[in-house]
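There are 6 protein chains.
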Amino acid sequence: MAKKVITFGEVMMRLSPPGYSKFSQATSFELAYGGGEANVAISLAYLGVKATHVTRFPNNSLGKAATQFLRMHWLNTEHVYYGGDKLGMYFLEKGAVHRPSEVIYEREGSAFSQIKPEMIDWEDVLKDADWFHWTGITPAISEGAAQCCLDAIKTANKMGIKVSGDINSRDNMWKYGKTMQEVMPELVKNCDIVITSSYGIHQILGLVEPDDKFRYSAKRLMDAYPRIEKVVGKTRKSISASHNQIQGKMWNGKEYNKTEMLNITHVIDRVGTGDAFASGLIYGLMHYDDDKALDFASAACALKHTVPGDVNLVSLDNVISLMGGDTSGAIRR
Amino acid sequence: MAKKVITFGEVMMRLSPPGYSKFSQATSFELAYGGGEANVAISLAYLGVKATHVTRFPNNSLGKAATQFLRMHWLNTEHVYYGGDKLGMYFLEKGAVHRPSEVIYEREGSAFSQIKPEMIDWEDVLKDADWFHWTGITPAISEGAAQCCLDAIKTANKMGIKVSGDINSRDNMWKYGKTMQEVMPELVKNCDIVITSSYGIHQILGLVEPDDKFRYSAKRLMDAYPRIEKVVGKTRKSISASHNQIQGKMWNGKEYNKTEMLNITHVIDRVGTGDAFASGLIYGLMHYDDDKALDFASAACALKHTVPGDVNLVSLDNVISLMGGDTSGAIRR
Amino acid sequence: MAKKVITFGEVMMRLSPPGYSKFSQATSFELAYGGGEANVAISLAYLGVKATHVTRFPNNSLGKAATQFLRMHWLNTEHVYYGGDKLGMYFLEKGAVHRPSEVIYEREGSAFSQIKPEMIDWEDVLKDADWFHWTGITPAISEGAAQCCLDAIKTANKMGIKVSGDINSRDNMWKYGKTMQEVMPELVKNCDIVITSSYGIHQILGLVEPDDKFRYSAKRLMDAYPRIEKVVGKTRKSISASHNQIQGKMWNGKEYNKTEMLNITHVIDRVGTGDAFASGLIYGLMHYDDDKALDFASAACALKHTVPGDVNLVSLDNVISLMGGDTSGAIRR
Amino acid sequence: MAKKVITFGEVMMRLSPPGYSKFSQATSFELAYGGGEANVAISLAYLGVKATHVTRFPNNSLGKAATQFLRMHWLNTEHVYYGGDKLGMYFLEKGAVHRPSEVIYEREGSAFSQIKPEMIDWEDVLKDADWFHWTGITPAISEGAAQCCLDAIKTANKMGIKVSGDINSRDNMWKYGKTMQEVMPELVKNCDIVITSSYGIHQILGLVEPDDKFRYSAKRLMDAYPRIEKVVGKTRKSISASHNQIQGKMWNGKEYNKTEMLNITHVIDRVGTGDAFASGLIYGLMHYDDDKALDFASAACALKHTVPGDVNLVSLDNVISLMGGDTSGAIRR
Amino acid sequence: MAKKVITFGEVMMRLSPPGYSKFSQATSFELAYGGGEANVAISLAYLGVKATHVTRFPNNSLGKAATQFLRMHWLNTEHVYYGGDKLGMYFLEKGAVHRPSEVIYEREGSAFSQIKPEMIDWEDVLKDADWFHWTGITPAISEGAAQCCLDAIKTANKMGIKVSGDINSRDNMWKYGKTMQEVMPELVKNCDIVITSSYGIHQILGLVEPDDKFRYSAKRLMDAYPRIEKVVGKTRKSISASHNQIQGKMWNGKEYNKTEMLNITHVIDRVGTGDAFASGLIYGLMHYDDDKALDFASAACALKHTVPGDVNLVSLDNVISLMGGDTSGAIRR
Amino acid sequence: MAKKVITFGEVMMRLSPPGYSKFSQATSFELAYGGGEANVAISLAYLGVKATHVTRFPNNSLGKAATQFLRMHWLNTEHVYYGGDKLGMYFLEKGAVHRPSEVIYEREGSAFSQIKPEMIDWEDVLKDADWFHWTGITPAISEGAAQCCLDAIKTANKMGIKVSGDINSRDNMWKYGKTMQEVMPELVKNCDIVITSSYGIHQILGLVEPDDKFRYSAKRLMDAYPRIEKVVGKTRKSISASHNQIQGKMWNGKEYNKTEMLNITHVIDRVGTGDAFASGLIYGLMHYDDDKALDFASAACALKHTVPGDVNLVSLDNVISLMGGDTSGAIRR
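Protein chains in written order, with the UniProt record's numbering: chain A, 1 to 333; chain B, 1 to 333; chain C, 1 to 333; chain D, 1 to 333; chain E, 1 to 333; chain F, 1 to 333.
Hints listed in this document are in silico derivations from the structure and should not be mistaken for laboratory results. In this text the structure is predicted, and so the values were computed from the model without any measurement. Possibly wrong hints are sitting among the right ones.
Note that identical chains are pooled: a pair holds if it fits in a single copy or bridges any two copies.
[Stated by the list, open to error] Straight-line distance between alpha carbons at most 20 Å, and here's what the computed SDA-like set of lysine to any residue pairs gives:
#1 Lys175 x Gly83
#2 Lys64 x Ser24
#3 Lys3 x Arg236
#4 Lys237 x Thr327
#5 Lys50 x Val80
#6 Lys3 x Glu78
#7 Lys64 x Tyr90
#8 Lys154 x Lys189
#9 Lys3 x Ile120
#10 Lys50 x His79
#11 Lys154 x Met180
#12 Lys64 x Ile104
Could you build the full structure based on these sequences and the hints that come with them?
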């Protein structure tokens, strides 16, 4: 029977000039929607998992259109709440070779940032779920969002639902009066699976002498927070905006494992590739052993680089085929 | 020698689904920029007047792109100020026949709304100008915007520059703690030309027994504020979203004048038609007598209904030809 | 509490040259999906009704995309069945003024046409439903489709669920060996509400001396099939492909009622306007008396003419406003 | 057996901003090709006539693309000659309601304008042909073009092939040193059928006291040039750029005939409607009596107003149906 | 004098989401047409060869549009036959890097599949021709198509016209009751030139102990079918969907020859590259010795990877330049 | 304070089929504008330099639109002169891998080519300027253009304004009766900075025994024309149309310097990359020492390959970052 995953976080309208046009040339924007956690949910839905995304949109045609995007991509949207004034937005100018992509956010004061704990009955939301996933972006948005996230994690803990957190917060996101170090530890220590980098671990633990090696950082995180079963990361080598390399890595308390490096020679859309990795990891851990789960995550991540938009729309077949070593991309008829 | 006009007000990014698509169908947005006062300035520039628009944008690629739009359409942008976080936006779904167009604003907290009087040296801005134009939207945006507007009007008065105001504010726009009735009278009474409706006059004067007839309302406004030379309005008959009729009307203290009704049987874009009227009126009063000025304003307004976007891009020839009674739209080779 | 409606029928991929281009000019097609019954379901969903559409698609990316279209437009798709080879398609070239629109179907052998009664458990599908709607297209597609439709109607009858049928079948659609006259009467006589024309009634009853007046035909249909409570139709006056007039009419056994003629002076997309009428009627009969229900149906039908695609995406507010006589289409901010 | 028509004239690249955008807004152009005589040939080809267009293009990818356009629209292109430097072009900004369409030509020095009589063996070109058609634009382009046109007409006369000329030249087109009055009479007097206006007749005949009535002008033309069998014209009433009315008229030496006025309430593309009239007339005269031929011409002309591009792509069925009085534009399935 | 080639086979409508969008994201399709044999004919036409394609389309606007595509790309279409119900179609989602392209066919019951031997008079079709080309797809479509193909080959044999066959049939295409092994040998053994792979040879000959080396397989095919003069193939190395390598190889009964490997580092459209190879081979064998012919075929094949659509639209200059070793792609002004 | 640069030269309309489509497939053109010198001015404007471009356009909507393009991209256009008939144009078909881009010019008889020395008051134009830049294209266009260019250079010399010339003229451009060798030396010898290649130097000096090494050629040029301070060039290695490598080189009379080779693995638009190099060099020489100036020029050049259109729209930050060795193109949030 299909597994069921719950995700929680903001979904933004994504506006991008067509092709490789710059903002200074655009006379139209391509319109999509995205957000780290919803990206994970949708990718899982395309892999065959039942996925519900919990979020909040303004109660107008734009909030409805954002919901429609989630529905179109197979999500259950019964826990989308409506209210507030504004849909968070981001603008993406796509780079190439030596020219970086540029992202501009307009998300302050969004309907999601005004979310309050009393708006969500997590026991109801998490009923029948197998997994809850959150990211480090959510607690950075507002005190309400952080509190909702903590409530969700604790409720999931109580209900015996696995919790994974993707801890990739940037310091400059925290603008509502609390610091990452004040808020994150309580959230991270109740996770079963943590996806992060050495740098992320050092930020959370407030380490003064950080360790560059992922495996040692991971060990220190698991020492600090014993509930955590696995710490998972990926190495991205950005040869250029058009050519990236990806390698997954995992410390599960016993073994340190790394995947083959995957070589994405013609990047189509790099946004959301971390979320594709997270979704691949969740799917993998649900269906395979740790090694294959990591391979699955890396393959999913690599494939996302070829899909326009925030979301990994590839099929289970595509991921399994790449995971099995077929990098040929040979046409399917 | 070409006249010089200064306008002041917010410019928003305008995003609209292509053609007659609804928000619930859109996968791209057409991108333009607009704002009542800048619309007036640009239309005047296409008629051959030198026009400078004063506004404030965030100091990022989007704020630059908005400036580029003004430059492309011939405005002087040396008094565009940069700062703040956010570009005001509006979303426009175009209606047809019985289906209304729908507009959604996301302009709270915009760079313009955070404008402060000390940011603008009006004596410098208004140097060599012949005319200053503002609208009732600006004082509704924020206390700072209202104060800047008042400063501009008073400086213009002092410098002997004509002032026109387009008083079409809606009550539900006033959210920063002051009411229209507290703020507007001081602004209106220093104008030379006022463009408004009976309803607008009643709002400003706080009349309890309003008068439906424009000419009597206009007279009362000029009685109350003796600086005002002319009160100008237009009647719009909305037969449907696709078919409007327009008629200009003016009370100049001596005569009440109305134009022929112009019949816009195939509306292409109704947004900004009021601004086209205002720009036509300003051009008209600069170059013709009152009667012809009103004809020019009506013709400019009618033509705007056929131009996509907020702004009236038609040529002086086009307006003069329609003002002269040629409604045939016959092809020019 | 929101009502729940079930619809059943084929959904086709709709491919149309952009704008007013002809097939002989097209280098791209706009892509949408549509089918009489799903059109009704989606329109009802936009009005706030819970709607489930039952259909069958090939189990490939195209069948999935068709399902995604239904989900995006708020339908419950848990009773979409997958199998067979092919997605039905239709090509639409949009006409204007004296130039007719042209429709080409490629639906033979579609997944839906191969549907079999044993694939659907109607008691399960219709659980908690308030209404079942079908159209005369479905029994014309294949023996299996006709049988499924009959099963649905009979199950609905048994479960006390209202049944409406839109009987607008064309003789040239019946290609699988049975005639309209052999199949339709059994389906029609178990309906509570029938939407049709005088001509449709004559076809079903096999009348040799047809009556041009809708009210008399309607009476004859209700005499023949006493379960029917109301017979509803509309008059379309096609002044040109770009200008249509619409008037609803209903015989409810006691009164004959007609709505005001609505004048659609600038048709955007005429396809699916009959389905919009049907969905408006269903909504109306659920929430109003017969007279207002008919007004609601006519208003919904008129509004559809301004929405691109097969489906009426307008809001409840839009319909109520037009039903109340506001034909101005004045902009909503 | 299908009739065969030969046409001769320049074909230009046509570049137009999308939709109703103005030149000052365009970031792309829609690309098509057109020219009065080729427009006639293509329209005839869509009606089932064999049509060959004779012209000259530069021997590069643009000249090839222009040829491909003619081939795509069913013309025989074996008499397209290659050479010279440049493809003639025109830019079209589409107007609406009171806003005129604007056309800018860049055709000087085109490959066609450099055509020379020795490049064309008219006896070979006209072999098996039933009809030769030219327009007044061709002799205005260059001395070589005028001479080729005269050669064609005289050869056709000799070979017993009907000749029709559409005499709608504008004085401001004649830039190569000769005037219309010097060149045209020789061309016109060898025609069998002349399509023109009262004004055109006066220009050709150099009348000082012109006659407003078409029938009298036509008579004078036929008196002057006895070879002419019929003089045909149309009245266009341009209510606006979006609404035109069309009426055909013909003097055949015996009777003066006018068609019903056709009411084109929603003009899509007005360019080439005169050519559609000419093609309709040619088809009509080949297949019907004079009265019906004129009806056919008017119907073809009216239908062209709804087809984007220069060329009338409608089918014989469409024209016959409108000619028969069906103005409903009702959808064809 | 230009050579003349005849090809025979189905042409399908090709619908593909724009850019790298997936089916699950598409709201429009790019529209083109393609089919292995017509692709060969068009490529030859761009190289300067006279080419006629023989096929069958439904007698409606879609069948006409398909014919227009062939005409636009310079084919002689006088042997396109009309009838039947349906135009074959295929849907193409373009992959990148590790993500495979996906093709979905909807061609069953197409007008072409219903073709019958009596519809084509091959002696008339092949009159004046120098070459006949077919592919292994055609006999897999239907018994009628297979029979027509055999008739064509035998007529060509009789008339002394060279016959080339591209034998790349897939087993899962054969659905009409006959197997590849029953039908193909008769067709292949009457060819002069066979394009195929080792695998293809083994399928045709029903070899139980296949030989991996192309040269030995080729020899066995020529031993079995002595009419065959040359067996030609290519090696494709699919490094990824975005990066392919191509190498031509030929056994002509005396020598085994291979070309340099061509490195297509940025694939734009991989579909039809095999057909480009075949057309290059035919052109090459018509104009060069075997070695240069193979170089020409490889260069044509490599260039096709950079052209959107099924068809190789490059010029003779382009192929000759690459054949001569210029891989720089340096801009031509 | 921002530096001020003046450039002089023709600006053409640029029309290109979308994406990688060939001319033979296009049904629309992307519209932009470009010209070597204006490209330099715009790139400098994006780097923060004040830039004025001097040119001439026809006095119609197309000439205005070209001016609007310059204004939108931040240029001062007060010295755009209007007159003449025609806007120069070029058509660009974008190549990939082994397929070359193809450029077709239609610029003969353009408004710019008819420019006359008396139209420009160079003392007025160059007032307050720091730099004047021209290219070898301008003197090839017409005698008037060459004379204007010489006037500008001499006036700049007199006013103490630096002069840079980009000498990349092709022999086949010189069509008005003078040869490159007659005209160029006078222009080149009054430059302070010359950008060229060994080949360019040999052409100008009329060397019979050219030297392949750039440094020796440069030395000879500086020996011949002692005013020249630096001779600058770049090596382009065109691995394919999609993959280029760029290296800057400079002889400043004392040292010969070369930059690192920059590897542009995914070319988006190669047109205007030489102009980007020139603008980078000018900016660099204004703000850095020679070595860093050359690095800046190379980085600017490399980045242009990723920007659609003629013009380098990247920011100062982007160039500095690449100049500093960051080739990662990592996303900026």
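For each hint, the structure was consulted:
Proximity of Lys175 and Gly83 under a CA criterion of 20 Å is satisfied inter-copy only: 18 Å between copies versus 22 Å inside one chain copy. Taking the shortest alpha-carbon separations for Lys64 and Ser24, only the inter-copy value of 7 Å comes in at or below 20 Å, while the best intra-copy value is 30 Å. When the C-alpha separation of Lys3 and Arg236 is checked against a cutoff of 20 Å, the pair qualifies neither within a copy, at 29 Å, nor between copies, at 41 Å. Taking the closest pair of Cα atoms, Lys237 and Thr327 come within 20 Å of each other both inside a single copy (18 Å) and across two copies (11 Å).
Taking identical chains as interchangeable, the C-alpha atoms of Lys50 and Val80 lie at most 20 Å apart whether they share a chain (16 Å) or sit on different chains (16 Å). Within a single copy, Lys3 and Glu78 get their C-alpha atoms as close as 18 Å, and across copies as close as 17 Å, so both meet the 20 Å cut-off. Proximity of Lys64 to Tyr90 under the C-alpha cut-off of 20 Å is found in both arrangements, the shortest distances being 18 Å within a copy and 16 Å between copies. Proximity of Lys154 to Lys189 under the C-alpha cut-off of 20 Å is restricted to the intra-copy arrangement: shortest distance 10 Å within a copy versus 58 Å between copies.
For the homomeric pair Lys3 and Ile120, neither the shortest alpha-carbon distance inside one copy (22 Å) nor that between copies (25 Å) is at most 20 Å. Proximity of Lys50 and His79 under a CA criterion of 20 Å is satisfied in both settings, with 14 Å inside one chain copy and 16 Å between copies. With identical chains, the CA atoms of Lys154 and Met180 are at most 20 Å apart within one copy only, with a shortest distance of 19 Å there and 49 Å across copies. Proximity of Lys64 and Ile104 under a CA criterion of 20 Å is satisfied inter-copy only: 13 Å between copies versus 23 Å inside one chain copy.
The structure is inconsistent with the numbered hints 3, 9, although it conforms to all the rest.
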